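Asks: Here is how the chains run, residue by residue.
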Amino acid sequence: MIVIDSLTKRFGSRKALDRVSFTARDGRVTGFVGPKGAGKSTTLRIALGLVRPDSGRALFDGQPFVRLSSPMRTVGAVLNPRNAHPACNARNHLLALAAVNGIDQRRVNQVLEMVGLQSVADKSTGSFSLGMSQRLALAAALLGDPRNMVLEDSFDGLDPEGAERMRGIWHSLASQGKAVLLSSRKINKLAEIADDLVIIAKGQILERTTVARFIGEHSRDSIYAVTPQPDQLKAALATAAGISITRLPPDENCPPDAARFRIQGAPLASTASILAQEGVVLYDFQQEEVSLEQAYKDIIHGRRGARQSDSEARL
Amino acid sequence: MFSLRSTWVLLLIVMLLQPLTTGLMACAPRVLAGLGRQTSQYPARLMPASGDVFWSAVAAGLFPAMIVAGILGVLVFAREFSGATIESTLTANPRRGMVLMAKGFVLALLTWLAAQVGLLLSWILATLLLSVRSGTSPASNPGLALIDLLGGPLMLVLFALMGLGLGALSRSKAGGIGLFLGLTLILPLILGILRGLTPHVGWLQIPFRLTPTSLLVTFLSGVGRTAEAGRGWWPTWWQAGLIMMVWTALCCALGTLVFRRADIG
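Line by line, the protein sequences give chains A and B.
Counting in my numbering, the first sequence runs from 1 upward without gaps.
Counting in my numbering, the second sequence runs from 1001 upward without gaps.
Just chain A, with the same shape it has in the complex:
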């Protein structure tokens, strides 16, 4: 189990992490998602002893990483896939890591087979593509058959076959009762594999949930409308209970005299009837399914620009 407990870190005047806490449980794949600069890397680097926190702690099975007697048997980590010396071949890279950690050298062939790199094991890692480097980094992380996995941006550079293989490995690890913590900016990719979800932005945890609950909460229906009569539209729907109307920023597809709206909490047919009765001109009117990506962006932007969103919602 991986416990991140109230991590706070400043880089100069910038607060990179602000009391970040969550748990990656055994037997589950936990997706750690956030935009670039949200604090994901800093959190993982603190957990792995590469960066010192100002306060807080990170524990693997109850122990800080730097105090583990056999780190590779407790934690398998992939932070940067290109972490092998470019002049070193894949097998020698793994053999050296195994030797340092007292791991049986026969394990090297096993992990090479697991990630599908046997055929290129004797090539220098400098010639590897990003996808192959991802596989090699995972092979290195798996060397000690660790009880916890920490993986950063592990989807990058993978071809479909490689991604499928990786997903299989992560599922298999979780099914063996291990804790798998996957960090990424891509929520759709994480949702395909993760059981739990931790969303971070601007150094703060915004949401801790399960993927199923997140999808249930955020994949709600809404109506998308474009009208040159925004005031009439708002007035027509003002008396309806439980409806929220959000004015969206203009985009390139929106005519210059029109405004874009998202109407939530109203059935499509009855809303269309009301607007027709009130004679509201509509350029576009359609059912909108909020995607996982959109829900994630809404959470992040909602928290970032809470004041702005509030003013939009009051329209």
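Hints listed in this document are in silico derivations from the structure and should not be mistaken for laboratory results.
Every value quoted in this text rests on a predicted model; they were computed, and no experiment measured them.
Take these hints with a grain of salt, some might be off.
As the list claims (entries may be wrong) - Capping the alpha-carbon separation at 20 Å, the derived lysine to any residue pairs in SDA-like fashion look like this:
1) B:K1173 with A:A99
2) B:K1103 with A:A99
3) A:K15 with B:G1265
4) B:K1173 with A:K15
What the hints assert, rightly or not - Examples of chain A residues lying across from chain B (beta carbon under 10 Å, computed):
5) T42
6) M72
7) A77
8) H85
9) L97
10) A140
11) G144
12) V211
13) I215
Note that CB positions come from ideal geometry on N, CA and C, so glycine has one too.
Put chain B on the given structure of chain A with help from the hints.
Replies: What follows is chain B alone, placed relative to chain A:
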């Protein structure tokens, strides 16, 4: 350290620079003698080389090799920071002091081997070029052979470890090499220039003699304070060795301290 081509190349340079320099030094009197035959300014026949000249020719290659060994020391550590290999290293073993010590041990062993082999090659070459035809008179210090042959490679190990410490201190290849060259080449140069500018800073002789390069000269010369009697304090060869150990320990301690506290990535 293994499978790293540049490491082996630098070790090979450490080894081969020594006989190469010795060869050049041994050939220089022959060239001069040849010129003298043409101009009648130098004796046509070579004089027997003195023991001091013989051993200075043997050990001469240690000076350029010292620079290469120091750069090797810097690169062994600092190059991990130019890629992401340091992350791989530290996630495999998060005990930073131990990581640095392990690298230091391997570096010391390989540098010593390369330096020792190189020095033995220099000895053989100097014997062939200087002693066989013209003979050698005894050195002024009977222990000079042992000091140079056994102590020289150990001094090179100290310089390599100093480079390792500076690499850990700067965590950058350019910074580490700059610091190393600053200490070994630029610092004595500046002190030498200042000392020559005015007679009122004669005391600068002492810090000059305590610079790493000057200590190597003193150590390999095998002479004590008698050689410089009346011209201030001068360390003996073994004192020079001890002071060089202090330099190395200081660089390694500083490097370890900074590396243990540094944020990576």
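Asks: Given the hinted pair B:K1173 and A:A99, is their Cα-Cα distance within 20 Å?
Replies: violated, 27 Å
Asks: Is the hint on A:L97 kept, meaning its closest Cβ partner in chain B is under 10 Å away?
Replies: holds, 5 Å
Asks: For the restraint on A:V211, tell me whether the closest CB of chain B is nearer than 10 Å.
Replies: At 27 Å from the nearest chain B Cβ, A:V211 fails the 10 Å test, so the hint is violated.
Asks: Would the hint on A:G144 stand, with a C-beta cut-off of 10 Å toward chain B?
Replies: holds, 9 Å
Asks: Please verify that hint: A:T42, Cβ, nearest Cβ of chain B, below 10 Å or not.
Replies: holds, 9 Å
Asks: Answer holds if the nearest beta-carbon of chain B is closer than 10 Å to that of A:H85; otherwise answer violated.
Replies: holds, 6 Å
Asks: Under the criterion that the straight-line Cα-Cα distance not exceed 20 Å, is the pair A:K15, B:G1265 satisfied?
Replies: Status holds; Cα separation ~16 Å.
Asks: At a threshold of 10 Å, is the proposed contact between A:M72 and chain B supported by beta-carbon distances?
Replies: For A:M72, the interface hint holds, since the closest Cβ of chain B sits about 6 Å away, which is under 10 Å.
Asks: Check whether the Cα positions of B:K1173 and A:K15 lie no farther apart than 20 Å.
Replies: Violated, at roughly 30 Å.
Asks: Tell me if the interface restraint on A:A140 is satisfied: Cβ within less than 10 Å of some Cβ in chain B.
Replies: holds, 7 Å
Asks: Can A:I215 be said to touch chain B, with a Cβ gap under 10 Å?
Replies: violated, 33 Å
Asks: Let's test the interface hint: is any C-beta of chain B closer than 10 Å to that of A:A77?
Replies: holds, 4 Å
In summary, the structure is inconsistent with hints 1, 4, 12 and 13 from the numbered list given earlier, while agreeing with the others.
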